[in-house]
Amino acid sequence: MDEGRALFVQIAEQVEASVLDGTLEEGERAPSTNELAAFHRINPATAAKGINLLVDRGILVKRRGLGMFVADGAREVLRAERRRQFADHHIAPMLAEAGVLGLDVETVVELIRARGVPGRGAG
Amino acid sequence: MNAVIEVDGVTRRYRSTTALDAVSVRFEKDVIHGLLGRNGAGKTTLMSMITAQEWPSSGGVRVFGQHPHENEQVLPRICFVREEQQYIDDARASHAFAAAAMAFPRWDQEFAEQLAADFKVPEKTRIKKMSRGQRSAVGVIIGLASRAEVTFFDEPYMGLDAVARQLFYDRLLADYAEHPRTIVLSSHLIDEIAHLIEHVVLLDEGRVVLDEPVEQLRDRAVTLVGRADAVGELTAGRTVLQHEAMGRTARTTVLGGLDDGERRRAGELDLDLLPVSLQQLVVHLTSKAEQHGQSGQREQHERNA
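Residue numbers (the working numbering), protein chains in the order written: chain A, 1 to 123; chain B, 1 to 305.
Pulled out of the complex, with its shape left as it was, chain A reads as follows (with noise of 0.2 Å):
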């Protein structure tokens, strides 16, 4: 795994990437705290922490004695906050790396322009 960010930070990104990509459906069992140490093979205490970071953002609800369920709304909770940092986290380093490679921004546009847009075809 990925040693740059905290390990239970680690695990909630994993169970939102199945959220968002339609792994994990809405109102679907999401894996126990148990079933997610086993499976990164990490300590029980530390899946515990990454589901509870999903629980108080709202992604995962506790329903007592059936165990972690994807919330209704969930998806769409994290579409908006990845649209969000999406300049942040992707445009910004691809800008800076632009500038070290002197490309301009209108070089920048068409190049993704070449690649076409996604959802839409690559034309």
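Hints are computed from structural coordinates only; laboratory data are not their basis. Beta carbons: idealized from backbone N, C-alpha and C, even for Gly. Every clue listed holds true.
Only some residues are given here: those of chain A computed to face chain B with a beta carbon under 8 Å:
hint: 1; residue: A37
hint: 2; residue: R41
hint: 3; residue: I42
hint: 4; residue: A45
So the derived label-pair ranges between C-beta atoms look like this:
hint: 5; chain 1: B; residue 1: H67; chain 2: A; residue 2: D72; range: 54 to 62 Å
hint: 6; chain 1: B; residue 1: V225; chain 2: A; residue 2: V105; range: 25 to 33 Å
hint: 7; chain 1: A; residue 1: S32; chain 2: B; residue 2: E212; range: 21 to 29 Å
hint: 8; chain 1: A; residue 1: A80; chain 2: B; residue 2: P122; range: 57 to 65 Å
hint: 9; chain 1: B; residue 1: P105; chain 2: A; residue 2: V9; range: 36 to 44 Å
hint: 10; chain 1: A; residue 1: E26; chain 2: B; residue 2: E83; range: 44 to 52 Å
hint: 11; chain 1: A; residue 1: A80; chain 2: B; residue 2: H179; range: 35 to 43 Å
hint: 12; chain 1: A; residue 1: A17; chain 2: B; residue 2: T125; range: 47 to 55 Å
hint: 13; chain 1: A; residue 1: R29; chain 2: B; residue 2: E83; range: 38 to 46 Å
hint: 14; chain 1: B; residue 1: Q73; chain 2: A; residue 2: V9; range: 40 to 48 Å
hint: 15; chain 1: B; residue 1: Q242; chain 2: A; residue 2: E76; range: 43 to 51 Å
hint: 16; chain 1: B; residue 1: A99; chain 2: A; residue 2: D72; range: 49 to 57 Å
hint: 17; chain 1: A; residue 1: A17; chain 2: B; residue 2: A228; range: 31 to 39 Å
hint: 18; chain 1: B; residue 1: G232; chain 2: A; residue 2: E26; range: 48 to 56 Å
Starting from the structure of chain A, add chain B where the hints point.
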């Protein structure tokens, strides 16, 4: 938190050497701890003290709030798996398991047999005639199947190959999840156990140099990589654990975390910030004492006091 083991100011001297020097440490209930340190740091002595196999020269040990020595209220609830466990001459694995079944009230025979099959422990071979790895497996199985409320594994891996060690970690995590208990793992294979443990205690030359949740270690040290002048700007005045330079590029590891302002500045200076792994931190904290001799250790100790 709820400490099941309390060690207060324990010192243990052997003739001219001091194996433990005023060690005070607590082990919390139902937590997996890593007990780390170099050879001779005092790990085995500390575990022997807690499990009532040795007496402290001074200071006190309490387990479940009681003195463990010759205490029948305490001893059946503690399991200590040693690196080179001794068994009775003709004993086979089944005999060792039978003895463990008598010693430990929570012993799970079915689990022991399952583990023996998983680790491929031969049924008919005497333990003495087994390979080192098979002997280690017998110890590991007793440690797991005893389900003792407090279980120590002192370097239980000698001779176990990578596959068998992974099997041990997997079974340990799974069984701990089902039956939470206090586990103390002593190991040199720090990278292998770093994600298994919740709390780390690091001994160096008989003293505690680190005693905290693994999660907090991230703030203990940081490595900065980038242009040497920029790295120098942010590391000035800090305790440098390690420094390498190559041309105008430098990589410097310093004690302590960075605050938000410093992180922003690191971003402006285009520096890479790398977390320091548990293994790296342990190497830094325990080899420093060697470089600087006695005075270095004392500084280290005072900083942590």
